Amino acid sequence: MAALTHICKHCKAETVFDISGNHYDACNSCQKPFIRHEAAPLAEEILENCETLSPIIIGTKGKIGADTYTVTGCITLFQNRTTVNLYSILYNHGLYGYILECDGDLSLIDHVNEHPGNKLKEARVGKEIDINQFGMAYCYCLDKTNYISIKGKGKMIFPKFDNSIFCSFYSKDKKVAFCFFSKEHTTLLLGKLYTLNELNLSSIRPIHDWYK
Amino acid sequence: MIGINSTYPTPLVLSCLQCKKDIKLITHQRAASFCCEACGAYSIYDKQKEIKSSYTFIKAKDIAFKLGSVFKIEGLEFVLINYLIKEETSYKTNWIEYTLFHPVEGYWTLSESDGHYNLMKPYKYYLQNFGNIRNIHVEDKGNFQLYNKYKFKIKHAAGEFFSDIRDKELPACADFVAPPYILSYEKTTDEIYWYLGEYTTPKTVKSWITDDLNFPITEGIAPNQPFSLNFDHTSFIRMTVASVVLLFIIQAILSGFITDAKEVSKQTYYHGDSLSQRTYVSEPFEITVNNSAADFDIASNLNNNWLETDFTLVNETTGDQYFFSGALEFYAGYTDGESWSEGSNQSTLTVSRLTKGKYHYNVHVTNDITKPFGYLGVSVIQNVPLTSNFIIVLLCLTVFPIYIYFRRKRFDRKQWQNSDYSPYDNE
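Residue numbers (my numbering), protein chains in the order written: chain A, 1 to 212; chain B, 1 to 427.
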């Protein structure tokens, strides 16, 4: 069976998909990003040239416990109130994971639930909600994603981010949860807050004189 | 690869749609809006590179810091990206919030009100019930008291912002204080931001920047300003109480050792002439305990009369002399149907540091020539416990804490005078 490929609409070059399922990648030739949806495998219009202000870049390496990982890509969500960077990381054992960065908070995502149920839609800012496999969570932000930009490659955890609602929670013990809602889909990410040092990162952007 | 760089993107320079002056956006990847410092024109910055003019703020005056200034805080380089002048909707008080950005720490806020500064950091506080809560606890920081609840409007703005600052909904805000900390929230339907701030002196703020700037004059007391004498007041009070208790115990123990107080002389002198001054010489007596104190109890039978006594106690062995004096006065009468009296016919004079030996005293008495005093009795009791040292030490131990207590009380009242939730309102 022939490998699934993507033909770049900009340079017509062919890129072979090397990640199964929904994912994002960049054209091997012109480096323009594209998203592959299994259901509708057409490249979406996404922002280009959007940089992040985070020290984490593609190629950054890290270590959590016995596992090492490498940052392979980033989806930046431009929202009404803030900007969120969802980094894809590839662990040494071959599985993908995520680091979510928002306004200086770094969260290592250790669980993704693509069918968390409708109860999460009852979340209200400043109120508690009981989340399955998480416990009591405090909702602190409901935001709308207006645009996304993509760098590198990684798994798409959500079929379509544009115009989705992004909901953030924290617990009393530094756990965090993020939920993406759209009309058709809900995806819940569960994780824990980490500091930059706790993520044991190397090959990051030098922070000194960052503003120059 | 597009959009990936190992260095930070350089600032973006745009032209103001209104005055055409350059505007430098340092966090343009995140900025959602900006306001020209020169003319106040506010624009929405779309990530698809569209700039839409939206509003014009009135230009602010007397801003201490320049946009783009670098603040070196806790070893990290923050850049001032915007400032907002906010006005509380009820009392119309103003304050300035300077937003500082760092790629790792995110957004910190330096707020200034009446020359007082607070460095505010985002904080994740878990509060479910916003109703009538007056006290909240923060781990490692203690109990915070509600200081104020309010809403605000933005009066002036300049710089780049990560969201549209002209949202229609006014956030509901509250400040809780536990000097030097302040815990604040801003809540709308869509978000709640908690900030934990710490009172920061202008001197500390100056140490963060290299520019030579004029800071506003400090007025009044900030809600979370710590009391100037910077020590743990609870420990201080505990230490004072413990010291006073210890002092009483020592005094009781020492008094217990002195069990042989003894009268060594008792003499009575009668007024037998009309002179206004006279001197009596006592019979010799023995002081038998070295380095002891003696009480001279003087007594008379005065009635609406007075007398003064000047003693010279002479150690006949060494020739040492001790001078001390005392007075007696007693008045009584009947006025407006009530009898009254004041003064006393008895008094005690204490002499300390007496050495062992044979003594006598000369007592020089002065009185009103027209009113004879009857008699003067003098009893000498040796080896009495000395209470004056105890009182002096007690005063030394308590005067400073009492002074601190009242100063602190005054400070606290003044600190809470701008609060709708002052604990001093009912006093």
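No lab work stands behind these hints: they were computed from the structure.
This one's a predicted model, so the numbers in the text were calculated from it and none came from an experiment.
Heads up, a few of these hints could be off.
[Stated by the list, open to error] Sample of chain B residues at the chain A side, in silico, Cβ under 10 Å:
#: 1; residue: I26
#: 2; residue: Q128
#: 3; residue: N132
#: 4; residue: K187
#: 5; residue: D190
#: 6; residue: Y269
#: 7; residue: Y424
Glycine residues also receive a C-beta, built at the ideal position from the N, C-alpha and C atoms.
How the hints compare with the structure:
no. : hint : result
1   : I26  : holds (5 Å)
2   : Q128 : holds (5 Å)
3   : N132 : violated (15 Å)
4   : K187 : holds (6 Å)
5   : D190 : holds (5 Å)
6   : Y269 : violated (85 Å)
7   : Y424 : violated (30 Å)
Comparing the model with each earlier hint shows violations of hints 3, 6, 7; every other hint is respected.
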